[in-house]
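Engineer: Spelled out from the first residue to the last, the chains are:
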Amino acid sequence: MFDWGLYNYWVVIFLMMAGLYVVISRSNLVKKIIGLNVFQVSVIMFYISMGKVRGGTAPIEAEGFEIYSNPLPHVLMLTAIVVGVATTALALSIVVRIHEAYDTIEEDEIRLLDEGDEP
Amino acid sequence: MIDHLIEIVVDDLPALQIAVPLLAATLCIIARRRRTAWVIAMVVAWASFLNAMLILRRVMTEGTISYAEGGWRAPWGIELRIDSLNALVLLIVTGICAIVLTAAPRSLAQEVPRSKHYIVYAVYLLCMTGLAGMTVTGDAFNIFVFLEISSLSSYALISQGSTRRALSSAIQYLIMGTIGGTFILLGIGMIYMVTGTLNIVDMSNQLAAVGPNRAVLVALACIAVGTAIKLALFPLHIWLPNAYTYAPAVVTAFLAATATKVAYYVLLRFVFSVFGVDLAFGALRLDVVLMGLALLAMVAGSIVAIFQHDIKRMLAYSSVAQIGYMVLGLSLVSVAGLTGGIVHLFNHALMKSGLFLVMACVLLRTGSTRLEAFQGLGRRMPITMAAFVVAGLSLIGVPATVGFVSKWYLVTGAIESGHWPVAVVILVSSLLALIYIWRVVEVAYFRPAPEDAPEIGEAPLSLLGPTWLLVGATVFFGIFTSLSVGVASDAARMLLGMMP
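Taken in order, these protein sequences are the chains called A and B. Each step along the first sequence adds one to the number in this note's numbering, with nothing skipped, and position 12 is 431. Each step along the second sequence adds one to the number in this note's numbering, with nothing skipped, and position 394 is 414.
No wet-lab data here; the hints were simulated from the structure. Values in this document were obtained by computation on a predicted structure and should not be read as measured data. Glycine residues also receive a C-beta, built at the ideal position from the N, C-alpha and C atoms. It is possible that part of the hints are untrue.
[Said to hold, decoys possible] Pairs of lysine to any residue residues, derived as SDA-like cross-links and limited to a Cα-Cα distance of at most 20 Å, are as follows:
(1) A:Lys471 to B:Met213
(2) A:Lys450 to A:Ala505
(3) B:Lys136 to A:Ser512
(4) A:Lys471 to B:Val214
(5) A:Lys471 to A:Gly483
(6) B:Lys136 to A:Ala520
[What the hints assert, rightly or not] Listed next, the stretches of chain B that the computed footprint assigns to chain A, with coverage defined by at least 3 CB atoms under 8 Å from CB atoms of chain A:
(7) 162 to 174
(8) 193 to 200
Sequences and hints are given; from them, build the entire structure.
Structural biologist: So, in structure tokens, the structure goes:
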């Protein structure tokens, strides 16, 4: 039987595969980077959902709250988000320079131009 | 007072290995001057190398070093944990960093506008921070963070190449590398789900208790795929030839000797220290997969190398083949095989960075690294070409060079485990290496320079010195093997759980 209790992991897997598919199938570099982002976000969601405890609150001690979610995976993802942002920024800045140098950001056109460069 | 101070500093050596280059990178940016930035980077790189030597000596005499960052004890805090394996990797990484940096200014001046040099040195130090961090840390998530620090800075370094193809190579590497890094992150997350810890030692204890459930196996598969991309294991190597060919010459010399080596270390660490032999090779049969890919890499990489016209690209494909040797050592799962793999990590770093520095010399004088540029170079640049020949012999595996030492252990390991066809493939791949090195030697020594070739002199001392230091080391460690092989066999025994 299909277990709906784990639907969050199905979402993660779907996003991951969708992201990877975009990276592989699109030749536009900006679209590739978007795919890469979706791929990274799926892993971030994976961590977030594994730290969540059903019925748990934020781990701040207060009266009336007994169950807390695990904050550690969430904190780890702060770092992973920063890494993702840095990667995207670097990738986009390289794409800008590629656009200046090749006048295109389509990977297949770049490949053709590269082959033309070969002496 | 001073003794006390020294004592404090000595205890903090593992942490300084990360903190100092990280801070110095920002100093380079503040300095904004080419010379000042280079001096800062040089001081830090050589100090890190010295530091790594001190750490290795301490590990050899006192055993594993465990350092609790910020005083938070493992498994809650982040632990830096150094044993004989990562002490050796740290030594070679920082050593290559320092030596290549020494050669950097002249070669960089040719390929990167001078106004940008200070940024290159800053990013170079960041890359070194990431690589050293990955090596010393005992925390799985920390490995991911340092991996991304080193990867991001290496993409930036590669994109500094003088042609526009450097840009397309950098973005190709960025996409592949990010996918690899994310797979590693996913794998670490799954282990965390099962064990509830990020500390490597704690993880391995908990995983041993859990046994082979599906989440653990998928985690291992994710980490193996992720590191295989960073390692450029055939057929996930497609980013490597372009990245190495179009990056600035010194950046190639640096990355070829360090980035893939540290990725190999991470693979070793996860497979042996975290998951353990039973899980990785019993439940998942990773050894069969890796051995197959390693053998393909050795043959395919060498064959493709033979047909390259650009010698820098040829050496890049040869790297793919040499990575095959290292992974082969891992997949043999025996003391001799693993020793061979680890020694080859050390040895290949020396010879490949030496060879890529030779490429930097040739590029500086002739303006090209294509095969035609080598015509008559045996007469025109005798000292440079002699370095190429010595390092090339080492790549082939001639006795009295480091290449022979690692191949000897690999062949011994293969025969011990009864895989004699593997030993044959090692020899075949060595013969292929002979062919591609010979092509260059023939053109350089037996073909006269073209009539209209401009008069060129020998490469400057600032480049020749570091080149010969590395090439000399390939001969030195080929004859005096006690340091490299001694530490490597120690590390191999430790990984296989046989403490001496």
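Engineer: Is lysine 136 of chain B within 20 Å of serine 512 of chain A, Cα to Cα?
Structural biologist: Given that 20 Å is the threshold and the Cα spacing comes to 16 Å, the pair holds.
Engineer: Counting residues of the stretch 162 to 174 of chain B with a beta carbon closer than 8 Å to any beta carbon of chain A, are there 3 or more?
Structural biologist: holds (count 4)
Engineer: Next pair to validate is lysine 471 of chain A with valine 214 of chain B; report whether the Cα-Cα distance is within 20 Å.
Structural biologist: Holds: lysine 471 of chain A and valine 214 of chain B sit about 15 Å apart, inside 20 Å.
Engineer: Would the pair lysine 136 of chain B and alanine 520 of chain A pass a check requiring their Cα atoms to be no farther apart than 20 Å?
Structural biologist: Cα-Cα ~18 Å, so holds.
Engineer: Need the status of pair lysine 471 of chain A, glycine 483 of chain A: alpha-carbon distance at most 20 Å?
Structural biologist: holds, 19 Å
Engineer: Is the hinted pair lysine 471 of chain A and methionine 213 of chain B satisfied, with a Cα-Cα distance of at most 20 Å?
Structural biologist: Cα-Cα ~12 Å, so holds.
Engineer: Can you take a look at whether the stretch 193 to 200 of chain B is actually covered by chain A? Rule is 3+ residues, C-beta closer than 8 Å.
Structural biologist: This one holds; 4 residues, not fewer than the three required, reach chain A with a Cβ under 8 Å.
Engineer: With a cut-off of 20 Å on the C-alpha distance, tell me whether lysine 450 of chain A and alanine 505 of chain A pass.
Structural biologist: It holds: about 17 Å lies between the C-alpha atoms, which stays within 20 Å.
Violated hints for the displayed structure: none, as all numbered hints are satisfied.
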